[in-house]
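Enquirer: Listed below, chain by chain, are the residues.
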Amino acid sequence: MLDILLVDPHELRNYFFFEDEDNMQFTEKTVLAATTQPARLIQHPSETLNGTIFFLLKGGIDERNNIDILNGAIIDKIPEDWIPFINDGVVNIVVDTCAESWSPIYRDQYYWYPEKECLDLHELLTDKCINRGINPDACTWITGDLNAEEYLKDFKGVKIKSHCIYYWISSVMCRESLGKDFLSHLGEKTFQNASLCLMRDMHKEHRLYTVHKMHTDNELYHKIRTSTPEVFLGNTVCDHYKNLYHNYTSNGFPTPFDWDDMAASIMKYYTFSPYTIENDDIDKAQRESLFALISESFCFGHKKFITYSTFRAIISCRPFIILGNKGVLKQLKDWGFKTFDNILDESYDDIEDNFLRIDTALNSFKHYKGREKKYIETFQEVRDIVRHNYIHYCNNYINANDDYVEVFRRQL
Amino acid sequence: MNELYFATPRSGSHAICSMSKTERHLLEYFNIEDMILPRNVDGNLILYNLIEPQALKFLENGLFEDAWKAQKENTLPGEQVYYKIMKKGCSYLNDKYPVLEEFVKEHKTRWDYLKNEPKSWCVKIMQYHYVDRQVLKEICEYVDVIKFIQRKDVVAQAISIVKAQNLPDNVWHATTEQTVKLTTKLSYKPIIDQIESILQENHYITKVLTDYNYKVNNVYYEDVDFSDSLYKKLTIEIPDFDTQECYEAAKEAGYDYTSYLL
Numbered sequence: 013m014l015d016i017l018l019v020d021p022h023e024l025r026n027y028f029f030f031e032d033e034d035n036m037q038f039t040e041k042t043v044l045a046a047t048t049q050p051a052r053l054i055q056h057p058s059e060t061l062n063g064t065i066f067f068l069l070k071g072g073i074d075e076r077n078n079i080d081i082l083n084g085a086i087i088d089k090i091p092e093d094w095i096p097f098i099n100d101g102v103v104n105i106v107v108d109t110c111a112e113s114w115s116p117i118y119r120d121q122y123y124w125y126p127e128k129e130c131l132d133l134h135e136l137l138t139d140k141c142i143n144r145g146i147n148p149d150a151c152t153w154i155t156g157d158l159n160a161e162e163y164l165k166d167f168k169g170v171k172i173k174s175h176c177i178y179y180w181i182s183s184v185m186c187r188e189s190l191g192k193d194f195l196s197h198l199g200e201k202t203f204q205n206a207s208l209c210l211m212r213d214m215h216k217e218h219r220l221y222t223v224h225k226m227h228t229d230n231e232l233y234h235k236i237r238t239s240t241p242e243v244f245l246g247n248t249v250c251d252h253y254k255n256l257y258h259n260y261t262s263n264g265f266p267t268p269f270d271w272d273d274m275a276a277s278i279m280k281y282y283t284f285s286p287y288t289i290e291n292d293d294i295d296k297a298q299r300e301s302l303f304a305l306i307s308e309s310f311c312f313g314h315k316k317f318i319t320y321s322t323f324r325a326i327i328s329c330r331p332f333i334i335l336g337n338k339g340v341l342k343q344l345k346d347w348g349f350k351t352f353d354n355i356l357d358e359s360y361d362d363i364e365d366n367f368l369r370i371d372t373a374l375n376s377f378k379h380y381k382g383r384e385k386k387y388i389e390t391f392q393e394v395r396d397i398v399r400h401n402y403i404h405y406c407n408n409y410i411n412a413n414d415d416y417v418e419v420f421r422r423q424l
Numbered sequence: 004m005n006e007l008y009f010a011t012p013r014s015g016s017h018a019i020c021s022m023s024k025t026e027r028h029l030l031e032y033f034n035i036e037d038m039i040l041p042r043n044v045d046g047n048l049i050l051y052n053l054i055e056p057q058a059l060k061f062l063e064n065g066l067f068e069d070a071w072k073a074q075k076e077n078t079l080p081g082e083q084v085y086y087k088i089m090k091k092g093c094s095y096l097n098d099k100y101p102v103l104e105e106f107v108k109e110h111k112t113r114w115d116y117l118k119n120e121p122k123s124w125c126v127k128i129m130q131y132h133y134v135d136r137q138v139l140k141e142i143c144e145y146v147d148v149i150k151f152i153q154r155k156d157v158v159a160q161a162i163s164i165v166k167a168q169n170l171p172d173n174v175w176h177a178t179t180e181q182t183v184k185l186t187t188k189l190s191y192k193p194i195i196d197q198i199e200s201i202l203q204e205n206h207y208i209t210k211v212l213t214d215y216n217y218k219v220n221n222v223y224y225e226d227v228d229f230s231d232s233l234y235k236k237l238t239i240e241i242p243d244f245d246t247q248e249c250y251e252a253a254k255e256a257g258y259d260y261t262s263y264l265l
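Which chain is which? The protein sequence lines are U and E, in order.
Residues in the first sequence are numbered consecutively from 13, following the numbering used here.
Residues in the second sequence are numbered consecutively from 4, following the numbering used here.
Hint data in this document are derived by calculation from the structure and do not stem from the laboratory.
Incorrect hints may have been included.
27 Å max Cα-Cα, derived DSS-like pairs, lysine-lysine [as the list claims (entries may be wrong)]:
#1 E:K192 <-> U:K192
#2 U:K192 <-> E:K99
#3 E:K91 <-> E:K72
#4 U:K165 <-> U:K342
#5 U:K296 <-> U:K192
#6 U:K201 <-> E:K60
#7 U:K192 <-> E:K75
#8 U:K192 <-> U:K386
#9 E:K60 <-> U:K192
#10 U:K378 <-> U:K201
#11 E:K111 <-> E:K210
#12 E:K140 <-> E:K24
#13 E:K254 <-> E:K210
#14 E:K99 <-> U:K350
#15 U:K192 <-> U:K235
#16 E:K91 <-> E:K24
#17 E:K122 <-> E:K87
#18 E:K60 <-> E:K140
#19 U:K201 <-> U:K173
#20 U:K201 <-> E:K75
#21 E:K140 <-> E:K210
#22 U:K192 <-> E:K87
#23 U:K386 <-> U:K296
#24 E:K60 <-> E:K108
#25 U:K235 <-> U:K201
#26 E:K91 <-> E:K122
#27 U:K140 <-> U:K168
#28 U:K296 <-> E:K60
#29 E:K99 <-> U:K296
#30 E:K91 <-> E:K75
#31 U:K192 <-> E:K72
#32 E:K111 <-> E:K140
#33 E:K75 <-> U:K350
#34 U:K345 <-> U:K173
#35 E:K122 <-> E:K24
#36 E:K60 <-> E:K111
Build the full structure now, drawing on both the sequences and the hints.
Expert: Below you can see the structure in the form of structure tokens.
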């Protein structure tokens, strides 16, 4: 049982799963959003009870009480009389941002694009703890950036834990896909597209860049089926492009593409919008595609953030090319998954330059080994690998949150 | 006292069996298809991508040997998959695909164990278990009581089956009372098909029980008090779904159960 102390627990729905939504009492049937572990709310710490003061960030910076998390104000909200329990090691503090991509700011890097969702939250939290007389060692920041823990290993202050919540939670988010069949009765007629690429948040620059690249390359244009919303956050894809261009130029960053060229290709793209594939049909669309071209949630920057987009492709038993952060393929291999270097040039995974990494990944797709063959023949070359990945995922997602839960169980 | 339950899907059989006074409740005891359906390491997930569709078709028709052969071809050595087996009346996970000889005589093996079980038991059999005829005959002769669970309102049962088939993870039985909302739109055609299927299964059970009528009790879902049951009702809500129209469609197709409602 995880004992949880919530400070300023408004919008409880966002923090926990409840057995009975109409009667939201914290009971043994309450579970943390990120685990299957039962959790129990405790109103006040005591000397005999270990607990966690828990702050969870989900959604954008302006949603819920996220801003209080990101400016460290949450530490100020901890009641004064709890502090002795924290410093005695009875209670620890967890600030969890791992559902979103917030990462530390990486020093000594040459930035030539506007960095997104980067913040030295570990420093902010440490300062706030010291100001309130709290031992910073009692506080852990769980971040979805898988590079952060190693990068900040020498930091003196709050603890930093990197965690991929989507390894586990994809089994819930893609529950329906897990019950479907992607491997049997595959024939020549099954594969109608070379690749499927799902891009939900079209305001993200790497997605706009991907669309631009695809539409300026005839070979790619005809091979990739994309899905994008016609309007996202009140803007069309054209608006998002304009904003992106503005963002680069007004901040003095060089734009990664020629404006006129890009404007023409994106107009062409918009003309044929919406390409939206309804949720129910994504599995069907993926089954009909040889590859999954994964446009990850984040691609630019020095963080490493992996979401359900990647795990969906694994569950769907298709070979994948990832338009994501550097080192994502290496991370998957470290977890025991196999990648597709028998038919793809996967050197893109090591490329530092964000735009070059996308260019190289798209080129890798364009020149996959066996492209002159029928899709089904190419699929046979990777069948054992996708099967391995599917089994590996189904056997391992169950324990993928064990180390996350340990942070809550930690005896200080 | 040992009890045998015969039932059709969504007739409340899990809940009714769970209220049996016998010591062991063996609800899926004769369901042997789990022996060849691959699962993940903790057994909670059937690995659908590794199941040969032909094997499923054979299983649906009780062709166990053919199902075994079809699925065997889709089984690769060294893969970390698991199968549910039964040993001494308890379910385990095993990482070996069963040998054919053991699989095809599994009903007999399980029955041989059960008839020597010193504790009292109840066991549930459904048509889709395709229990070996000789084994079925022996069970019927051996048990003290046979209970035949039915629903008077077959239309409601058919609706329930079709709704349950549309659940994302096929939650057929729930141990806490809960409501699930579906977004799927349902048509009436599969409901009519289900009515036919339920009637066919009831007919099969009636035929099997012909010689044992002296110890058969008919149990109707509508007459059971479920308050002591371990399993609770799972309510599945579907927007824009008109139950009354279902009854009308069933009536048109020749199945009039409205008299029950009156």
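Enquirer: For each hint, tell me whether it holds in the structure or not.
Expert: Comparing the hints with the structure gives:
1. E:K192 <-> U:K192: 23 Å, holds
2. U:K192 <-> E:K99: 24 Å, holds
3. E:K91 <-> E:K72: Roughly 26 Å separates the two Cα atoms, so the pair holds.
4. U:K165 <-> U:K342: 20 Å, holds
5. U:K296 <-> U:K192: Holds. U:K296 to U:K192 sits at ~10 Å (cutoff 27 Å).
6. U:K201 <-> E:K60: 22 Å, holds
7. U:K192 <-> E:K75: 20 Å, holds
8. U:K192 <-> U:K386: 24 Å, holds
9. E:K60 <-> U:K192: 16 Å, holds
10. U:K378 <-> U:K201: 21 Å, holds
11. E:K111 <-> E:K210: 21 Å, holds
12. E:K140 <-> E:K24: 24 Å, holds
13. E:K254 <-> E:K210: Roughly 26 Å between the alpha carbons, so the hint for E:K254 and E:K210 holds.
14. E:K99 <-> U:K350: 24 Å, holds
15. U:K192 <-> U:K235: 25 Å, holds
16. E:K91 <-> E:K24: 21 Å, holds
17. E:K122 <-> E:K87: Given pair E:K122, E:K87 holds - Cα atoms ~23 Å apart, limit 27 Å.
18. E:K60 <-> E:K140: 26 Å, holds
19. U:K201 <-> U:K173: 47 Å, violated
20. U:K201 <-> E:K75: 26 Å, holds
21. E:K140 <-> E:K210: 12 Å, holds
22. U:K192 <-> E:K87: Judged against 27 Å, a Cα distance of about 20 Å means the pair holds.
23. U:K386 <-> U:K296: 20 Å, holds
24. E:K60 <-> E:K108: 20 Å, holds
25. U:K235 <-> U:K201: 16 Å, holds
26. E:K91 <-> E:K122: 12 Å, holds
27. U:K140 <-> U:K168: This hinted pair holds, its Cα atoms lying about 14 Å apart.
28. U:K296 <-> E:K60: 22 Å, holds
29. E:K99 <-> U:K296: With a Cα-Cα distance of about 32 Å, the restraint between E:K99 and U:K296 is violated, given a limit of 27 Å.
30. E:K91 <-> E:K75: The given pair, whose Cα atoms are some 25 Å apart, holds under the 27 Å limit.
31. U:K192 <-> E:K72: 22 Å, holds
32. E:K111 <-> E:K140: Since the Cα atoms of E:K111 and E:K140 sit roughly 11 Å apart, the hinted pair holds (cutoff 27 Å).
33. E:K75 <-> U:K350: It holds: about 24 Å lies between the C-alpha atoms, which stays within 27 Å.
34. U:K345 <-> U:K173: Within the cut-off at roughly 20 Å; holds.
35. E:K122 <-> E:K24: Given pair E:K122, E:K24 holds - Cα atoms ~12 Å apart, limit 27 Å.
36. E:K60 <-> E:K111: With a Cα-Cα distance of about 23 Å, the restraint between E:K60 and E:K111 holds, given a limit of 27 Å.
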